[in-house]
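**Q** Sequences are here, hints too, so could you generate the full structure?
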Amino acid sequence: MKQEFQPVLFRVASKVFDAAQRSRTAAAPPELPTYYWERAVSYRQRMLLAQERGWQFSAEEARTDLIGTITLLQRYVDECATKMRQLAEFDPDLAIKLRDVYEDFVALQSDFDNFDWNISEKTLSIVVGPIELEDVLLGEFRVVLHWDQLGGSKPYEVLALDPNSPNDQSDVTHPHVHANQLCEGEGRAPIRRALEQGRFHDFFQLVTQILETYNESSAYVTLSNWSGKVCPDCGDRTSDSDLSYCERCESDICGDCAMSCSQCHSSVCSECRGRCDGCESCTCNGCLTECADCSQLFCEECYFDGYCESCRKAQAEAEEAETADAAVPAPPTDDPDTAVHADRVGQVAVLA
Amino acid sequence: MRILFINNDGGGFADYVEVDPGTTVKQFFDQQVRTGKAINYLIRVNRQPVATDQVLQDGDRISVTPTKIEGAS
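For the record, the sequence lines run as chains A and B. Just so you know, we're using our numbering here: the first sequence kicks off at 44 and counts up by one. Just so you know, we're using our numbering here: the second sequence kicks off at 83 and counts up by one.
If you're looking for bench data, these hints aren't it; they were derived computationally from the structure. A couple of the hints might just be wrong.
What the hints assert, rightly or not - Pairwise CB distance ranges (calculated):
| no. | chain 1 | residue 1 | chain 2 | residue 2 | range |
| --- | --- | --- | --- | --- | --- |
| 1 | A | E259 | B | T105 | 35 to 41 angstroms |
| 2 | B | R84 | A | Q212 | 48 to 54 angstroms |
| 3 | A | K126 | B | K108 | 40 to 46 angstroms |
| 4 | B | N122 | A | Q99 | 29 to 35 angstroms |
| 5 | A | G195 | B | V132 | 30 to 36 angstroms |
| 6 | A | F53 | B | T105 | 31 to 37 angstroms |
| 7 | B | D102 | A | R96 | 19 to 25 angstroms |
| 8 | B | N122 | A | D178 | 19 to 25 angstroms |
Said to hold, decoys possible - Computed, partial: chain B to chain A, Cβ under 7 angstroms:
| no. | residue |
| --- | --- |
| 9 | G94 |
| 10 | G104 |
| 11 | T106 |
| 12 | K108 |
Every residue gets a Cβ at the ideal spot worked out from N, C-alpha and C, and that includes glycine.
**A** Spelled out as structure tokens, the structure:
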């Protein structure tokens, strides 16, 4: 169907076309498939680990992933080699054309209701979503391309319009978006190519497909833990349903790190608990008291009236000794009649 | 006849390819994207979504984009 010519859209296309031409380096080498190389290394390590530990199923799974990734890597390396050979004889037919940019914009208008531009800020944008992945609603995202930054390393941003971030990571708005930057993964090379060649419809389409895909094995925060928090004790991210609560400092901790006080039975974190130096039971800091004598900490059962059991015992013994000393009879006199000598040693006879 | 083929899978390369007259979108896809199934791709001719039995014309621009592209962190 023939589209009606849009002069305003054409003017925007012409500005973007100029910017794209300025940024373009026809002789730029193709993006190398480093992402696939890194994945292959990771699968190989996983396979070796699984073999070492005798996990046959995991080893087999890693082997299959490794074969698939190496196959893809080989294909892309071949494509890079072909492209490098072609660079020597650059095809002018593939140069950016104003007409193509304009037609891309017409297609973007038809595919995205919110395709928009801002001439003073030199931006093009679309709105994607609402996006829901694995039953987690992430909301809408505005993809903003800064046409004056074409050729730069980060010419676009992905802004969450109604962010649903993990509880303690407000700069993560999507499993693959951090600080408004999309980590493109598999999409890196095609996105770079699309921008280099002025294929703006392809660029927005690629970003959309990445935002609508979830890669659990390489996410800033996995969706299963999206609503959870990082436990301050062990550092593991824990889902809301598995979170516990320290009743002393009120911090959220995971169920594994929460311990019950042996005295008051409140749930406490590692910072708010200790061990009784007497019975060694796990006790919250509020139920531990310092012995006035030895300065060690004791629970209520091992502490009484300012002292621990050992110190009390020692005190009692000392007191007993003092009392005994006070009750000792007067020292013996010189009267030989009353002298008692060692028995059966043949030294002295007791006189009757 | 000459077709501009944009492969957004992997390297994202665009190039002109020669195809036989009467080639359908499905036949073209099978020839060019050997490792994938058409259902897993957005296939557009001259920026418009098309049926796989559409016959390609000289000078068409065909783009192939995976529906699932895995991001990273």
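**Q** Please go over all the hints and tell whether each is borne out by the structure.
**A** Each hint tested on the structure:
no.: 1; hint: A:E259 - B:T105: 35 to 41 angstroms; in the structure: holds (39 angstroms)
no.: 2; hint: B:R84 - A:Q212: 48 to 54 angstroms; in the structure: holds (50 angstroms)
no.: 3; hint: A:K126 - B:K108: 40 to 46 angstroms; in the structure: violated (27 angstroms)
no.: 4; hint: B:N122 - A:Q99: 29 to 35 angstroms; in the structure: holds (30 angstroms)
no.: 5; hint: A:G195 - B:V132: 30 to 36 angstroms; in the structure: holds (34 angstroms)
no.: 6; hint: A:F53 - B:T105: 31 to 37 angstroms; in the structure: holds (33 angstroms)
no.: 7; hint: B:D102 - A:R96: 19 to 25 angstroms; in the structure: violated (54 angstroms)
no.: 8; hint: B:N122 - A:D178: 19 to 25 angstroms; in the structure: holds (23 angstroms)
no.: 9; hint: G94; in the structure: holds (3 angstroms)
no.: 10; hint: G104; in the structure: violated (23 angstroms)
no.: 11; hint: T106; in the structure: violated (21 angstroms)
no.: 12; hint: K108; in the structure: violated (20 angstroms)
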